[in-house]
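What follows is each chain in one-letter form.
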Amino acid sequence: MSKKQKTNLTRIIVGIILLILIHFLENDNELIMLCMYLIPYLILGYDILYKAFLSIKNRQSFDENFLMAIATIGALAMKEYHEGVEVMFFYQIGEWFQSYAIGRSRKNIANLMDIRPEYANIEKDGEIIQVDPDDVSIGDVIIVKVGEKIPIDGFVIDGQTSLNTSALTGESKPRDVGINDEVISGCINMTSPIKVKTSKAFEDSTVSKVLDLIENATNNKAKSEDFITKFAKYYTPAVVYSAIALAIIPPLYIRFIQNGPLQFTSWIYRALTFLVISCPCALVISIPLSFFAGIGGASNQGILIKGSNYLEQLAKTKYVAFDKTGTVTLGIFEVTTIHNSDFSKDELLEYAAHAEAYSNHPIGKSIIKEYGKKIDKNRIDSIKEIPGKGIEAIIDGKKVLTGNEKLIEDNNIEVVHCHETGTIVHLAIDGKYKGHIHIGDQIKQNSKQAIEQLKSDGIKKTIMLTGDEESIASNVGNTLNIDQVYANLLPQDKVSKLEELLKMKDENETLAFVGDGINDAPVLSLADVGIAMGSLGSDAAIEAADVVLMDDDPLKISKAIRIAKKCMRIVYENIYFAIGVKIIVLILSAFGITDMWLAIFADVGVMVIAVINAMRALKVKNI
Amino acid sequence: MKKTYDIEVDCANCANKMEEAANNTDGVKKANVNFMTLKMKVEFEDEANVDEVMKEVLKNCKKVESDCEIFL
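Taken in sequence, the protein lines are chains A and B. Per the numbering used here, the first sequence starts with residue 52, numbered consecutively. Per the numbering used here, the second sequence starts with residue 125, numbered consecutively.
Chain A on its own, in the form it takes in the complex (with noise of 0.2 Å):
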């Protein structure tokens, strides 16, 4: 409780003390029950009379305090002493628990997302001591003890140790690094102390990245909000000047139409009740506090959601498009299976092996990384590389070719096919065939389940998209059962791919692109949605995309969207409940039916029960 609550509650409870003891002392002068009246109802409300007092000076007949001041100063005008005080108690004591609930929740997702290092260990002469990680240069030598936070991002250059990465990833599976690897900001330390040679200044670090985009998240407002905003605006003076209308025009038409009494006294209670409801403080505190607690959840679990706006439209996902590599496959290309002929194994390997050993592709690579064993360069006589086909070698005075179909069918040889679907390397040695060595790029373990998640979460289509050849795209798009894969896609077939699919979908449909984010930026872009995957620490990444996964997981693309929709539940149960209660009541008390006691409860009863509504956004933990 802050100080300001402390004497709030103290006012509170006075009030309603001297309010009680009154009630037991009748007195027939009116005058003296008056003073005695007035005694609570200043302790309780001399603020907002203060305050009505200031927005009469600068105009703001609109305010608030100044509505509540008019609806129980003329209570009391009316005689109505108790009504008035009990009114100013009703809306204090509603205002102090906004005040607490807000409060709480501020701190509710502030421990959620309290991932920022307050400190940085440097070594000064043999000492190790500790200074604000915004004074830490790139390039310094930082210690994390066991059980810090890393606070800047870098580079080990002494000790091992394992990481949990759950603050940013939302995964407990502990990351083990060495000398050499990489650390981001905000993993914690958790076995042995390590240095870290930082690459980056503390701003630039990742986990200050993510705070101040999880920070400013809902400053993109969603639509659902800003139709709030515009409510809020309107609301107020429509039922301002109703209340006017009918404090005056029933009466009026009483006495001169139907030639009743002239009687303002129930009428002018009624118009007053209307004042007390007056405020669009429900609707206006718990949508943006919905959506502020729904993406301190989703980031809590490795999910960044950019903005009010983009989980609002990843509510609405019904397509979603996957790039392939490194996307719904791990992206690291290895040798699975290896065809040889009189050759052995690993005499076929052995070859290969040396013919790419200059080579930068990944497919090279990948064969010198199965070969495992140092690659004698002596061998080497000389290597051409033949763009598009592959490489021409001499290694220990034979000529070899490794390469695509194409370069051994150019040098006259014949080509044995391979049955499996997969980037296929064919080898020959002084003009014979020799066999081909093929390499796949493996699917990763969850993404079955996690189209399967998708499809029973009412996604009516997956696609695929990718630049890689026909029989490999539809080999996993079947393995995986993607509705629909579109291959050989040239970058810029991408964005017309995609363009042509968005043309497709009803209005209130939203296409989701998931893609690695390192050359997806225009497709991740374009789409409804772009979700960027396993980019953690990537700035390309978090810079396109409106979602990012800080981990490589593809079932959280079903968490996420299960998470937008979850938050989207909460915010229009809160409209309808704030506004329908508000209209009900608006016309129960025009009728008469009501007191202020109830007005008062569909002011800011209705707003402790929308915050506190709004704080299930934040439990997506098992969602």
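Because the hints were derived from the structure by calculation, they are not lab data. It is possible that part of the hints are untrue.
[What the hints assert, rightly or not] Label-pair ranges, simulated between beta-carbon atoms: (1) B:K183 / A:M241: 30 to 38 Å; (2) B:L162 / A:I90: 32 to 40 Å; (3) A:F104 / B:K183: 39 to 47 Å; (4) A:K248 / B:L162: 34 to 42 Å; (5) A:G631 / B:L162: 28 to 36 Å; (6) B:K183 / A:T242: 29 to 37 Å.
[Said to hold, decoys possible] Derived DSSO-like pairs (lysine-lysine); straight-line CA-CA distance at most 30 Å: (7) A:K284 / A:K196; (8) A:K251 / B:K183; (9) A:K457 / B:K183; (10) A:K260 / A:K158; (11) A:K251 / B:K126; (12) B:K183 / A:K506; (13) B:K179 / B:K127; (14) A:K425 / B:K187; (15) B:K165 / A:K54; (16) A:K158 / B:K165; (17) A:K617 / B:K165; (18) A:K260 / A:K367; (19) A:K272 / B:K165; (20) B:K165 / B:K183; (21) A:K483 / A:K416; (22) A:K670 / B:K183; (23) A:K396 / A:K457; (24) A:K512 / A:K670; (25) A:K556 / A:K272; (26) A:K54 / B:K179; (27) B:K163 / A:K158; (28) A:K54 / B:K187; (29) A:K512 / A:K260; (30) B:K186 / A:K57; (31) B:K186 / A:K108; (32) A:K57 / B:K163; (33) A:K483 / A:K506; (34) B:K179 / A:K251.
Everything numeric in this text was worked out from a predicted model, so none of it was measured. No residue lacks a Cβ here, since even glycine has one placed at the ideal position from N, Cα and C.
The hints should help you fit chain B onto chain A, whose structure is shown.
Same frame as chain A, now just chain B:
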């Protein structure tokens, strides 16, 4: 030029009013008030004098919501 300020305000609607008041101040290109994080982000016009503009922003905010504060 952009700057972020800590603010204090009690109700969400008042935060919206502050945002509007700040946006209507000369020298402010765009202001954004975040009630949840209690922060005001202000983008200034190129030729604006930041200190002077912020004084004016605070004055205008106080007009619409007397009980608010911007920590300059």
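Inset, instruction - Taking the numbered hints from earlier one at a time, note which ones the structure violates and give those numbers from smallest to largest. - result: 1, 3, 6, 7, 8, 9, 12, 14, 22, 29, 33 and 34
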